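Participant: Those letters in the sequence shown? Residues 7 to 212, per the numbering used here, in order.
Misleading hints may appear alongside valid ones.
Unchecked claim - Derived DEER-like restraints, expressed as beta-carbon distance ranges:
no., residue 1, residue 2, range
1, Y131, T45, 32 to 42 Å
2, W157, M54, 16 to 26 Å
3, H160, T45, 40 to 50 Å
4, I50, M133, 40 to 50 Å
5, E137, H56, 35 to 45 Å
6, E27, D92, 19 to 29 Å
Claimed, not checked - Under the rule of at most 25 Å between Cα atoms (straight-line distance), these lysine-lysine pairs were calculated in the BS3-like manner:
no., residue 1, residue 2
7, K52, K83
8, K83, K13
9, K52, K13
10, K110, K83
11, K139, K110
12, K83, K139
Derived by calculation from the structure, the hints in this document are not laboratory data.
Owing to the predicted nature of the structure, the values given are computational and were not obtained by experimental measurement.
Even glycine gets a Cβ: it sits at the ideal position worked out from N, Cα and C.
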Amino acid sequence: MLQITPKSRSEIPEYAHIQSELEREAGRINGKLGDVDWTPLRYINKSMSHSSLAGLYRMSRIGLVTPLRDGMNLVAKEYVAAQAPDNPGVLILSQFAGAAQELKSALIVNPYDIEATAAAIARAYTMPLEERKDRWQANMSVLRANSIHDWASHFLQALANDAEAGVFDRALDETRFPGFAGLDRLRVVGAAPPRLRLDSVTAVVP
């Protein structure tokens, strides 16, 4: 098993504590289960280039992406995109990662359930080639159908819907001008630009 954990926000005490805990656990596992000619867990605590990571993803029979809480986790998508179509690996993905809403052909697990996660690893390791191909093709189809441009479009549409409902303006008012309808007050005195209606989207004209 290869675990790559590039240093991130190491000046934050909680992050430093997690790093120390991971290092101790990796040492404990290797000391207990390793042998002269075999190390069960290779732990790398440094940044790697995108090309190197893509190569490692492609070599890996299993991609284990199991955050306890996450916004999206692009690593899961990178793993899928890096696979060889004729012999792809299997993605095991936490149900708490945002990517689990899209990559439904991954093996979805609850990382708090250790036994179920271990069972998913065993299943992925012995999964027949045809099933691996089917799951990879399904996940890859999702990635092709939802590019960064599609994501940006959906994100902007969600912002527009919030703006139409007044959520955006209220948030600005409460943050910048507590207790007042801040932007409307500024518009009255000509200190803020007027609204412009564009296909049911509330926009601000510069």
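Participant: Mind checking the alpha carbons of K83 and K13 for me, to see if they're no more than 25 Å apart?
Facilitator: 21 Å, holds
Participant: Does the Cβ pair W157, M54 satisfy 16 to 26 Å?
Facilitator: Holds, at about 25 Å.
Participant: Mind checking the alpha carbons of K139 and K110 for me, to see if they're no more than 25 Å apart?
Facilitator: With Cα atoms ~14 Å apart, K139 and K110 stay inside 25 Å; holds.
Participant: Range hint 40 to 50 Å: satisfied by the CB atoms of I50 and M133?
Facilitator: Once the Cβ atoms are compared, 26 Å apart, the range 40 to 50 Å for M133 and I50 is violated.
Participant: CA of K52 to CA of K83, is that 25 Å or under?
Facilitator: The hint holds at about 21 Å.
Participant: Per the hint of 19 to 29 Å, is the separation of the Cβ atoms of E27 and D92 within bounds?
Facilitator: Taking Cβ atoms as reference, E27 and D92 lie about 39 Å apart, which means the hint is violated.
Participant: Starting from the hint 35 to 45 Å, judge whether the C-beta atoms of E137 and H56 obey it.
Facilitator: 29 Å, violated
Participant: Does K13 lie within 25 Å of K52 when you go C-alpha to C-alpha?
Facilitator: Judged against 25 Å, a Cα distance of about 6 Å means the pair holds.
Participant: Hint check: K83 vs K139, CA-CA at most 25 Å. Holds or violated?
Facilitator: Distance of about 16 Å is within 25 Å: holds.
Participant: Given a hinted range of 32 to 42 Å, is it respected by the beta-carbon distance of Y131 and T45?
Facilitator: 18 Å, violated
Participant: Taking the beta carbons of H160 and T45, is their distance inside 40 to 50 Å?
Facilitator: This hint holds: roughly 44 Å between Cβ atoms.
Participant: Straight-line Cα separation of K110 and K83 no greater than 25 Å?
Facilitator: The hint holds at about 12 Å.
Going through the hint list in order, the structure does not satisfy hints 1, 4, 5, 6.
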